[in-house]
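*Asks:* Let the hints inform the model, and build the full structure from the sequences given.
Order-wise, the sequence lines are chains A, B, C, D, E and F. Numbering-wise (the working numbering), the first sequence opens with residue 1 and increments by one. Numbering-wise (the working numbering), the second sequence opens with residue 1 and increments by one. Numbering-wise (the working numbering), the third sequence opens with residue 1 and increments by one. Numbering-wise (the working numbering), the fourth sequence opens with residue 1 and increments by one. Numbering-wise (the working numbering), the fifth sequence opens with residue 1 and increments by one. Numbering-wise (the working numbering), the sixth sequence opens with residue 1 and increments by one.
Hint data in this document are derived by calculation from the structure and do not stem from the laboratory. Given the structure is predicted, the values throughout are model-derived calculations rather than measurements. There is no bait here: all hints are sound.
Subject to a maximum C-alpha distance of 20 Å in a straight line, what follows is the list of computed EDC-like cross-link-like pairs (lysine to aspartate or glutamate):
hint, chain 1, residue 1, chain 2, residue 2
1, D, Lys71, F, Glu106
2, F, Lys2, F, Glu106
3, F, Lys50, C, Asp355
4, B, Lys237, D, Glu15
5, B, Lys300, C, Glu436
6, D, Lys71, D, Glu22
7, E, Lys2, D, Asp97
8, C, Lys230, E, Glu15
9, E, Lys2, E, Glu24
10, C, Lys300, A, Glu436
11, C, Lys201, C, Asp389
12, B, Lys237, B, Glu436
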Amino acid sequence: MKRVMTRVAGLGLAILLLGILPVFPAHGDEVAVEAAVAAVPPAPTVDTGDTSWLLISSALVLMMTIPGLSLFYGGLVRKKNVLSVLMQCFMITCLISVQWVLWGYSLSFGPDIKGLIGSLDWFGLKGVGLEPNADYAATVPHQAFMIFQMMFAIITPALIIGAFAERMKFMPFVVFTLLWATFVYDPLCHWVWGVGGFIRKMGALDFAGGTVVHINAGIAALVSALVLGKRLGYPHKMSPPHNLPFSIMGAGLLWVGWFGFNAGSALGANGLAASAFVVTHVATAMAGLTWSIMDLIFNKRPTVLGIISGAVAGLVAITPASGFVTPLGALGIGAGAGVICYLSVAFMKARFGYDDALDAFGVHGVGGFWGAIATGLWATKSVNAAGADGLFYGNPGLVLIQLKAALITVVYSLVVSFVLLKVVDLVMGLRTDEQEERIGLDLSEHREAAYTMLD
Amino acid sequence: MKRVMTRVAGLGLAILLLGILPVFPAHGDEVAVEAAVAAVPPAPTVDTGDTSWLLISSALVLMMTIPGLSLFYGGLVRKKNVLSVLMQCFMITCLISVQWVLWGYSLSFGPDIKGLIGSLDWFGLKGVGLEPNADYAATVPHQAFMIFQMMFAIITPALIIGAFAERMKFMPFVVFTLLWATFVYDPLCHWVWGVGGFIRKMGALDFAGGTVVHINAGIAALVSALVLGKRLGYPHKMSPPHNLPFSIMGAGLLWVGWFGFNAGSALGANGLAASAFVVTHVATAMAGLTWSIMDLIFNKRPTVLGIISGAVAGLVAITPASGFVTPLGALGIGAGAGVICYLSVAFMKARFGYDDALDAFGVHGVGGFWGAIATGLWATKSVNAAGADGLFYGNPGLVLIQLKAALITVVYSLVVSFVLLKVVDLVMGLRTDEQEERIGLDLSEHREAAYTMLD
Amino acid sequence: MKRVMTRVAGLGLAILLLGILPVFPAHGDEVAVEAAVAAVPPAPTVDTGDTSWLLISSALVLMMTIPGLSLFYGGLVRKKNVLSVLMQCFMITCLISVQWVLWGYSLSFGPDIKGLIGSLDWFGLKGVGLEPNADYAATVPHQAFMIFQMMFAIITPALIIGAFAERMKFMPFVVFTLLWATFVYDPLCHWVWGVGGFIRKMGALDFAGGTVVHINAGIAALVSALVLGKRLGYPHKMSPPHNLPFSIMGAGLLWVGWFGFNAGSALGANGLAASAFVVTHVATAMAGLTWSIMDLIFNKRPTVLGIISGAVAGLVAITPASGFVTPLGALGIGAGAGVICYLSVAFMKARFGYDDALDAFGVHGVGGFWGAIATGLWATKSVNAAGADGLFYGNPGLVLIQLKAALITVVYSLVVSFVLLKVVDLVMGLRTDEQEERIGLDLSEHREAAYTMLD
Amino acid sequence: MKYIVAILQPDRLDEVLQRLTEKEIHLVTVTNVLGRGRQKGIAEVYRSHKEAGSLLKKVKIEIAVNEAFVKPTIEAITEGGRTGQIGDGKIFVLSLDECIRIRTGETGGVAIG
Amino acid sequence: MKYIVAILQPDRLDEVLQRLTEKEIHLVTVTNVLGRGRQKGIAEVYRSHKEAGSLLKKVKIEIAVNEAFVKPTIEAITEGGRTGQIGDGKIFVLSLDECIRIRTGETGGVAIG
Amino acid sequence: MKYIVAILQPDRLDEVLQRLTEKEIHLVTVTNVLGRGRQKGIAEVYRSHKEAGSLLKKVKIEIAVNEAFVKPTIEAITEGGRTGQIGDGKIFVLSLDECIRIRTGETGGVAIG
Ligand SMILES: Nc1ncnc2c1ncn2[C@@H]1O[C@H](COP(=O)(O)OP(=O)(O)O)[C@@H](O)[C@H]1O
Ligand SMILES: Nc1ncnc2c1ncn2[C@@H]1O[C@H](COP(=O)(O)OP(=O)(O)O)[C@@H](O)[C@H]1O
Ligand SMILES: Nc1ncnc2c1ncn2[C@@H]1O[C@H](COP(=O)(O)OP(=O)(O)O)[C@@H](O)[C@H]1O
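*Replies:* The following block contains the structure:
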């Protein structure tokens, strides 16, 4: 008892000091912030409508991860592993938020170094104030842009969970996530969206994150499925989704939240936002419908897991295209997503035998790739003058640029994710031991049970 | 295996072509869109605040259906049918979205034909661009108005599910929904809200859809309950709601989303939106409270299913009135909704013996009717100069107009819904066979189970 | 049967009359409203962006209570009591909304009486119209400000539920809530936020409700835990949370909704809102992370109940500070919240042995107190010129003012909550009898069961 | 006295309970169980992956009866539970040595009903 | 050896478990069940529709014991489970032929405890 | 005929089912149960409060067999279910007087398989 108390006291003290510590850097950048704030009152550029839209969009994108994605994934695993998935999503949210404030945002969007990475000048958000940063969004506070981007940095590693669910140890997962965010997400984000980023300069179109978020996470997912190996009993002795209503709820919240993701990427409440909102919705609906038709053809019955998977595939595919295509183009992209992701999940996975537990690769990787190409097909300057015309509008060149950007992403994500996984595996071991996997990660990794049996 | 592969290949090709197809019409209206877009930059009329509000309202209204309503209904059915209800809601979302883009919006809001229907000029959203359409909403992109209305077109048929839950086959349901949207919802929508629509010209007030959405869906619900007949074992051998927390969660999301429905109908972020927001909330709270009092009187205990049913009844009743009444008027409307819907659900249903499984008629039909009348009682120009005064503000004539509009809706919805149901029944058969109903629709219609029993 | 019908008829009539009644006051203030409305068109002061943000923020704060908090709490109790918790949250929402319209808003924000309470001049929202009230929010309709504040008045008593869960009778709970809102919340709200309120004049900083909402509810929670006594079998024979996924879902919705709570308190979509949004998120993430580290130290494993508890503690702690601190300050506040609330929940509660069932005091009371002090440490005028500098920015005096404001809140809440509980106990008895507690409140108080066992 | 255990198709439970009532056998205890039998059942399909579905949802009922009621009980269950399809389940009859009513402490044949 | 099965009111489980512990009977298996008995129970009400409520939530416990423990077990259950209200449940005693401890393979009376 | 009841660790169920299949014992009924035994199990921790955890999740299987299958059944369960840790569970063997296949009405030894 006494020992505990001493430990508590010591620890409390230590962490309190730690808590106070941040004040020093705060003091450090006080001048910068003050200068920034001093500049705010006269700044006539903050538009309240645009700011309102970007803030609520940020909230929506957070809702995509918690509770959206976490429920979607949580419902699909077995009862004994649901908490582990929910915990991974929640931990990523906490962890990456802090990483982003400290160095992630700076690496991604900070002053460019040779087109490859942002500098650490914005470490701890130094100089990231409340006045707009015209390089990124001229009508909203810079911090609003920063937090909107943070939500993307959060959901991307969370998508990967779907591949290694039900068998990865928790502490190595935390370490891997931190490394991956720093060495894979942040550089890629800089390349595609950062001022000076080299893919951005190539003229590749990625409105809301097809490459950065979906291809990237999808490839990392495939790699982790391969590195970690199959779950015990896969594929024949697995039990089905333990709570499909959770997954459907999650899919609904993903859909709603995705409006923030795509239409929020217009960075203002304007015609482009409305257009992105509409095509996002249309492609999603079409993809859900298409998956149901595939279900009907191959299994005689439309299924609810099918329609929600289709909807998510549609959301993924429209993401890069959402600022560049018409509603009819969105129908095409959605239909393609439904067909292609269906085939990849139903046949390709079975064929090659990797255990992508919740189809993170099959939906996000494949769907993201299709979206990148499809942007090259259906993009039109009539929707967004700042974009480009695609193949169907007379410019076949765009498809090649899109393909190039996608392939660079694939290669980079594949190689670095693989190296990081192997390193963490060597140091800490990625996979739970057999006994713990059998008991379930909730109990073995977290000492908790999701549900009680008695009243 | 080979056969499967061939099928896959052929099919993939076919659907890809299909996916590409939309480009041709897209090419067709490229000029129109381009012209529109060309016109956008100078258009000084898009207000970012209004657009922000309409976009987030659209997202909120989608949230009402998925996951809101689907959870509300899903929790009320038996375990073996929960997926079927969730699937119906999700399928409606996908299906009607596509229908709306192709012809639904054009029929509802397109250039008027004799006050009866919109023309097909806007088929595939031709000419529906990013500039505002001053006829409907002068300060937001036309597509934003279109997508907001789409969410209404989605939730209306979803409400009907409550009546025929647990016993309708899935494929006939899909066909019926498509027909009903086209032949019942779209015309009615045009009559009440379309420029030139004849009910609109009558001077009837329906701010956010009391007639179009609630009376309409409520009547179709009653008709389908009667046409489909009672569930096996109804009323004595039914089991209670399988997951009330789901329903409560759903009710909460409905309440939150309904702010988009009603206050969004102001089509801008102004005083009227604030007023609609406030009265919506107040009426809902009062109706929840009133239902609890009724519970206390008749069953000695307030119940949670009661209070959420009351809240939904309040939301329904305030819908047509939400742009025209004061907060105190809203208290009156809410109290009335609580009493009247309670009596209809507790006594009228038992009396007449129809099996309106989840009280879609009792809440939406009856509550919507009360709302239409109540608008005639409490409406006041002091809230909305564009509205009218009601009985309590010295103008008894409004009640009659409201009654007339409501009755037209009742008759039209009743007749056409009946015909459509009978036609579909003849061709495909609406009702599952006894054995399948007993097994439950999740397994028999979709080959899925909502929950697993083991870990 | 006949008797029932007569009762129904009589009752229906009575309530309808009651429903119509409100029209008379409505007539009364018609002039005021009309005058107000007449003033609206020229009023150039309603900003659509700010209004959009405040309305969506109000919706988000409602979402915090239903379904957010209700799920968070509902998941933590035993299966047999989940509905009782959900019912309490829903009833508070309905009840306090009506109370707020009738007299709550007037008492809190109405014309000041000696710095102690608002007058009843705004009873029934008389004079609370659609034009802005510059005293509180110059760019949004007064009713928008009113409804935003209503959502705070709703969630505050809902927080207390966590302390007396699983053992309080329903009707006394209703009476207590109504009294508490009127005699504790409304006055405190006036003191801190009302024009003329004496704590406001003291110069204490409370951006979004650290004292009014969290300390206040936390103390009332402690008092009710003590007055009601421990649950049967506490602490050794309790079963664990019956549905942790519900709690995690609830925590996610709380987090998302809290952006409305804190960033909405900027009352506009501006730099301050963005800043509040960012620090809210950062502190929450840091607190979740910190709690996980504490878990790791004391129990060897991070838990999911831990990380969500930490996140909520962070949200609570940042609340008063959210308009005054930098992101790095937020890291400090979050870390402190994680450590301090962890210690209070894990050790202090065990030490003193009170049964604060869901740690409403441990998280909201203690976290709120820490937030009040921490605001005194990290506040800086560089973020908000209307604020003040704290200890770390060279002004130790602020800590004392903060402490004083917090202590006044503690004392007032403690004394009056205690008196109210004792009075209600005397008149109606607060606690369920042993048999009913054993059966569970769902069945004994509401005659409902949350879940069925068979299909 | 006998202790009768039967495994049923879930959708036959209502029918069985009703037949039992008709034969004046009111007291029953019901449990959700999973069964592996000859029946392969309706295979569930998730993302085109067919579940082997070796464990199907069943319902178990337990009834303690005096000898005189053994035959009627078996008849009621057989009639109510039979669909003629594989998977209809089994009835198991065990000997029951003693029965005590908790409320009264009564034992034996009088306690059973 | 006997195999004792008892159906209890859910809220009496804790009490029964404690009484069993007091008599040194530690090993128990517990199952959620539904029971139809004489008790009509607290009728649930949904939207003013009273559930017939024929199946009530009960808890089943199973205890395998050596002969010497039969009486104490029955006493513990009866004392802990009795409320005097209809619905308190029953105890059924069956003969147990054999008992094997999986961990060790021990059989018979020594395996039971 | 015997009625074999076994309480297992949940994570051994798959293994046990497979061993049973190998010995041609296909018919099994499975139930989720909670057990109180010698095993204290993995204690759950909620907000630093350690659950006494007296009731642990277990799985119960029930198998009716002809005499010839009693030994193989027990062997299969023992082999598949053993981890050597406390908490592995027990097997109980009861006498089965009669067995009826609902679908066909067959009785006795032929009905059991
Ligand atoms: N010998 C047995 N032991 C335990 N359970 C059995 C036995 N035989 C049948 N069952 C249970 O009965 C269910 C139905 O049995 P099955 O063989 O599918 O049908 P049928 O009796 O019509 O051939 C099984 O799923 C299983 O739960
Ligand atoms: N003969 C029986 N066979 C199976 N279950 C029984 C039998 N008698 C009672 N039960 C179980 O015990 C529960 C309580 O029985 P009930 O008749 O309500 O109470 P009491 O024993 O006090 O008369 C029932 O719900 C049922 O689950
Ligand atoms: N005599 C018994 N009666 C009823 N259930 C028992 C009995 N003995 C064991 N069990 C069940 O078996 C489970 C495992 O028993 P335990 O004593 O923990 O393991 P072991 O058999 O390895 O000593 C218990 O949780 C309980 O469910």
